[in-house]
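There are 2 protein chains.
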Amino acid sequence: MKVPAPLVAQQRVLMGPGPSPVPPSVLAALALPTIGHLDPEFLRVMDEVRSMLQTIAGARSGRATAISATGSAGMETCLVNLLERGDRALVVRAGVFGTRMAEVARRAGAEVDTFDVPWGESFDVADLRAFAADRSYRIVACVHAETSTGVLQPLEGLRELADDLGALLVVDAVTSLGGVPVEVTEQGIDALYSGTQKCLSCPPGLSPVVLSDAALERVAARTTPVQSWYLDLSLIEAYWGGERAYHHTAPINMLFGLHEALRLCLEEGLEARYARHARMARGLWAGLEALDLAPRVVPERRLPQLTTVAVPDGVDEAALRRRLLNEFDLELGGGLGPMKGTTWRIGLMGAGATERHVHLCLDALAKVLERDARAATEAAARALAE
Amino acid sequence: MKVPAPLVAQQRVLMGPGPSPVPPSVLAALALPTIGHLDPEFLRVMDEVRSMLQTIAGARSGRATAISATGSAGMETCLVNLLERGDRALVVRAGVFGTRMAEVARRAGAEVDTFDVPWGESFDVADLRAFAADRSYRIVACVHAETSTGVLQPLEGLRELADDLGALLVVDAVTSLGGVPVEVTEQGIDALYSGTQKCLSCPPGLSPVVLSDAALERVAARTTPVQSWYLDLSLIEAYWGGERAYHHTAPINMLFGLHEALRLCLEEGLEARYARHARMARGLWAGLEALDLAPRVVPERRLPQLTTVAVPDGVDEAALRRRLLNEFDLELGGGLGPMKGTTWRIGLMGAGATERHVHLCLDALAKVLERDARAATEAAARALAE
Numbered sequence: 000m001k002v003p004a005p006l007v008a009q010q011r012v013l014m015g016p017g018p019s020p021v022p023p024s025v026l027a028a029l030a031l032p033t034i035g036h037l038d039p040e041f042l043r044v045m046d047e048v049r050s051m052l053q054t055i056a057g058a059r060s061g062r063a064t065a066i067s068a069t070g071s072a073g074m075e076t077c078l079v080n081l082l083e084r085g086d087r088a089l090v091v092r093a094g095v096f097g098t099r100m101a102e103v104a105r106r107a108g109a110e111v112d113t114f115d116v117p118w119g120e121s122f123d124v125a126d127l128r129a130f131a132a133d134r135s136y137r138i139v140a141c142v143h144a145e146t147s148t149g150v151l152q153p154l155e156g157l158r159e160l161a162d163d164l165g166a167l168l169v170v171d172a173v174t175s176l177g178g179v180p181v182e183v184t185e186q187g188i189d190a191l192y193s194g195t196q197k198c199l200s201c202p203p204g205l206s207p208v209v210l211s212d213a214a215l216e217r218v219a220a221r222t223t224p225v226q227s228w229y230l231d232l233s234l235i236e237a238y239w240g241g242e243r244a245y246h247h248t249a250p251i252n253m254l255f256g257l258h259e260a261l262r263l264c265l266e267e268g269l270e271a272r273y274a275r276h277a278r279m280a281r282g283l284w285a286g287l288e289a290l291d292l293a294p295r296v297v298p299e300r301r302l303p304q305l306t307t308v309a310v311p312d313g314v315d316e317a318a319l320r321r322r323l324l325n326e327f328d329l330e331l332g333g334g335l336g337p338m339k340g341t342t343w344r345i346g347l348m349g350a351g352a353t354e355r356h357v358h359l360c361l362d363a364l365a366k367v368l369e370r371d372a373r374a375a376t377e378a379a380a381r382a383l384a385e
Numbered sequence: 000m001k002v003p004a005p006l007v008a009q010q011r012v013l014m015g016p017g018p019s020p021v022p023p024s025v026l027a028a029l030a031l032p033t034i035g036h037l038d039p040e041f042l043r044v045m046d047e048v049r050s051m052l053q054t055i056a057g058a059r060s061g062r063a064t065a066i067s068a069t070g071s072a073g074m075e076t077c078l079v080n081l082l083e084r085g086d087r088a089l090v091v092r093a094g095v096f097g098t099r100m101a102e103v104a105r106r107a108g109a110e111v112d113t114f115d116v117p118w119g120e121s122f123d124v125a126d127l128r129a130f131a132a133d134r135s136y137r138i139v140a141c142v143h144a145e146t147s148t149g150v151l152q153p154l155e156g157l158r159e160l161a162d163d164l165g166a167l168l169v170v171d172a173v174t175s176l177g178g179v180p181v182e183v184t185e186q187g188i189d190a191l192y193s194g195t196q197k198c199l200s201c202p203p204g205l206s207p208v209v210l211s212d213a214a215l216e217r218v219a220a221r222t223t224p225v226q227s228w229y230l231d232l233s234l235i236e237a238y239w240g241g242e243r244a245y246h247h248t249a250p251i252n253m254l255f256g257l258h259e260a261l262r263l264c265l266e267e268g269l270e271a272r273y274a275r276h277a278r279m280a281r282g283l284w285a286g287l288e289a290l291d292l293a294p295r296v297v298p299e300r301r302l303p304q305l306t307t308v309a310v311p312d313g314v315d316e317a318a319l320r321r322r323l324l325n326e327f328d329l330e331l332g333g334g335l336g337p338m339k340g341t342t343w344r345i346g347l348m349g350a351g352a353t354e355r356h357v358h359l360c361l362d363a364l365a366k367v368l369e370r371d372a373r374a375a376t377e378a379a380a381r382a383l384a385e
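Going line by line, the protein sequences match chains A and B.
Using numbering that gives the first Met the number 0, read the first sequence as starting at 0 and increasing by one per residue.
Using numbering that gives the first Met the number 0, read the second sequence as starting at 0 and increasing by one per residue.
Misleading hints may appear alongside valid ones.
Because identical chains share one entry, a pair is satisfied inside a single copy or across any pair of copies.
As the list claims (entries may be wrong) - Straight line, CA to CA, 25 angstroms or less: simulated DMTMM-like cross-link-like pairs of lysine to aspartate or glutamate:
#	residue 1	residue 2
1	366	102
2	366	38
3	339	115
4	1	212
5	1	267
6	1	371
7	1	266
8	366	299
9	1	369
10	339	40
11	366	328
12	1	155
13	366	47
Hints in this document: simulated from the structure, not taken from any laboratory.
Note that the structure is predicted; figures quoted are calculated from it, not measured.
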């Protein structure tokens with residue numbers, strides 16, 4: 000075959016639902032010389048990644064790990080380790096990722112009850128409690144930040160409900176970790192998974208997973224093997240933990256990148272990072288309003304790091320996103336499922352949550368929609384200054 | 000918490016069983032700016048990766064993909080997609096990786112018959128045929144290059160045996176791909192998986208998987224869902240293939256790196272690459288003989304890219320490897336399973352199969368073992384010149 004040409008850098012402005020922009024020092028860490036997966040220096044990197052993850056996830060006990068695959072594998076890790084065939088699972092479906100959790104739990108052999116929430120809305124714990132009635136469950140699972148709808152689901156009350164149902168609480172924090180507060184211990188989360196390519200601003204390829212002590216006990220008490228050998232947390236822990244027993248060859252360079260990305264989170268400070276995401280979102284929302292573009296989610300449930308916007312009537316949204324990509328190097332996301340063709344998803348995640356990104360996006364949207372760019376950027380500037 | 004310091008480059012000479020040394024242009028490709036997983040530029044990268052993989056694996060039909068996880072996940076992908084609960088699998092166990100295949104197949108609900116071969120030896124197809132008797136199987140599975148023992152298993156005759164058993168032929172090519180000839184179509188392989196961190200000289204994190212048309216038909220004809228959602232090849236193919244349906248966020252930068260690594264293979268030329276691996280191995284083996292160090296595998300079954308060596312009596316092998324790492328920045332591998340404590344594994348893989356690596360390793364081994372370095376490097380030089 001004809002050998003393809005070497006790749007050339009593409010400078011995209013990443014404002015979709017992830018991957019988010021990756022800081023130069025994270026890219027530089029990715030390109031550090033590869034070392035062995037049992038090299039003492041690498042084991043130290045793993046230890047530091049583990050403790051930084053625990054800090055960022057607010058886990059004062061339990062165990063954090065980075066699974067050697069992307070966020071959806073983190074979801075599968077939590078579910079296949081906590082569930083055994085025939086276990087009952089209660090899963091909230093309010094978008095693509097809750098729906099995926101139910102599917103993955105079913106494939107793990109669980110009896111899954113699904114609590115359906117209209118896309119773009121959050122749910123009340125009281126309603127979920129009423130739905131669960133007096134059944135008992137092995138797990139209750141929901142998504143903290145639904146990447147498909149842009150909804151931030153409050154987690155208050157879920158710990159108590161899980162306790163009453165005899166269940167472990169599983170939370171998808173793929174899009175929330177690093178962008179809004181996630182507090183594993185305080186919120187009583189038993190199993191949390193995330194991705195690297197959202198508010199952590201590392202390329203995709205790893206999935207942070209945090210388990211509480213109760214979840215670890217459940218894994219240890221299993222009577223059947225985990226159906227996935229690759230995602231078997233007991234085997235993974237034997238490598239990440241004290242024994243350092245070979246399980247699989249860890250993605251060395253990806254972990255170098257994640258180490259740097261987590262370091263940048265902690266250097267900025269978590270409170271400052273959350274405040275930055277919130278402020279940029281206020282700027283974007285003010286500008287969108289000036290452009291007469293309507294967010295799909297009510298303000299009090301809207302994710303600062305991911306805004307879903309209704310596409311104006313008569314606009315071919317895919318064609319418009321192609322123009323943004325080709326003319327402005329700007330990537331926005333399209334809608335999924337029932338929101339396909341009618342929704343844009345605008346990300347302000349991690350290193351992408353900056354004033355420059357807010358203005359660039361508003362300016363480009365105004366131009367392709369032929370609306371007033373100046374009004375939008377001035378409205379954003381006022382909101383950003385507040 | 001105290002924020003850890005940024006990582007500092009460690010310059011190791013990687014001569015264990017993988018990861019192998021990564022060329023600078025592959026590290027540079029890893030650090031290209033991240034772009035979206037549905038960006039047309041990225042889809043082009045995927046297409047090129049796919050066709051380069053097919054060429055390197057000698058697959059004139061079927062489908063190649065890079066699974067978004069490491070080699071062991073490639074193994075799991077092949078097994079969980081081809082096997083349904085209750086299917087019969089015939090698995091050859093001649094080391095760690097054959098043993099792992101049997102375990103993964105069992106966790107997929109298969110009835111597994113294992114054909115055991117002493118570690119460090121290969122098997123005759125006639126013996127496997129006799130073992131199989133007249134039973135029928137869904138798959139016959141074996142390891143082409145056993146990373147734990149250093150044995151190269153000839154694949155001749157396995158296609159015919161698989162046909163007679165009504166089985167698909169599954170081959171582990173983690174350590175063989177790119178180092179010795181792998182010919183999916185000619186050798187009649189139905190499912191092959193590999194890793195990036197061996198003879199392809201890319202960091203770990205992806206697993207090339209190639210399926211024949213017959214294997215793709217088997218996947219399409221399943222009557223039950225694949226137990227793993229993340230590794231479900233039909234869903235993965237909908238993203239890699241024509242529809243470009245979102246499944247999970249691909250590890251963008253890892254695929255940039257793999258693209259460059261595959262390009263380097265093809266630029267060198269596969270025949271030249273195999274010849275280079277073979278020549279370097281002859282140099283190493285001559286030098287080891289001069290050092291009175293005995294390979295564990297007979298020459299005609301010895302992997303050029305991975306040599307297992309008996310540790311001399313009375314030598315604390317782990318302590319010696321620590322010295323090599325600390326004093327020479329040289330990583331060799333220790334033995335696994337029954338070879339633990341008694342075996343070293345010396346890799347000459349991909350970018351690590353060079354004269355410099357041969358001499359460096361022999362020189363360092365001679366020094367820490369207090370043997371004649373000059374005799375060893377001269378013997379190696381003679382063999383390299385042949």
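- Query: Quick one: residue 366 to residue 47, C-alpha cut-off 25 angstroms, is that within a copy, between copies, both, or neither?
  - Reply: Neither. Shortest intra-copy (45 angstroms) and inter-copy (35 angstroms) distances fail the 25 angstroms Cα cut-off.
- Task: With 25 angstroms as the alpha-carbon cut-off, assign the pair residue 1 and residue 212 to within, between, both or neither.
- Result: between (54 angstroms within a copy, 24 angstroms between copies)
- Could you place residue 1 and residue 155 in one of the four classes (within, between, both, neither) given a Cα distance threshold of 25 angstroms? neither (58 angstroms within a copy, 30 angstroms between copies)
- Within, between, both or neither: residue 366, residue 299 at alpha-carbon 25 angstroms: Neither: 29 angstroms inside a copy, 69 angstroms across copies.
- Query: When no copy is specified for residue 339 and residue 115, does a C-alpha distance of 25 angstroms or less occur within a copy, between copies, both, or neither?
  - Reply: within (19 angstroms within a copy, 53 angstroms between copies)
- Is it within a copy, between copies, both, or neither that the alpha carbon of residue 1 lies no farther than 25 angstroms from that of residue 266? between (47 angstroms within a copy, 9 angstroms between copies)
- Message: At most 25 angstroms between CA atoms: does that hold for residue 339 and residue 40 within a copy, between copies, both, or neither?
- Response: between (46 angstroms within a copy, 22 angstroms between copies)
- Message: Within a copy, between copies, both or neither: which one fits residue 366 and residue 102 at a CA-CA cutoff of 25 angstroms?
- Response: Neither way: residue 366 and residue 102 sit 41 angstroms apart in one copy and 58 angstroms across, limit 25 angstroms.
- Item | Within, between, both or neither: residue 1, residue 371 at alpha-carbon 25 angstroms | neither (49 angstroms within a copy, 47 angstroms between copies)
- Query: Given a CA cutoff of 25 angstroms, do residue 366 and residue 38 count as a within-copy pair, a between-copy pair, both, or neither?
  - Reply: Answer is between: at 21 angstroms across copies they meet the 25 angstroms cutoff, but 53 angstroms inside does not.
- Message: One pair to classify: residue 366 and residue 328, alpha carbons no more than 25 angstroms apart. Within, between, both, or neither?
- Response: within (14 angstroms within a copy, 56 angstroms between copies)
- Since the copies are identical, ignore which copy is meant and state whether residue 1 and residue 267 lie within 25 angstroms (CA to CA) inside a copy, between copies, both or neither. between (47 angstroms within a copy, 12 angstroms between copies)
Hints 1, 6, 8, 9, 12, 13 from the list above are not met by this structure, while the remaining hints are.
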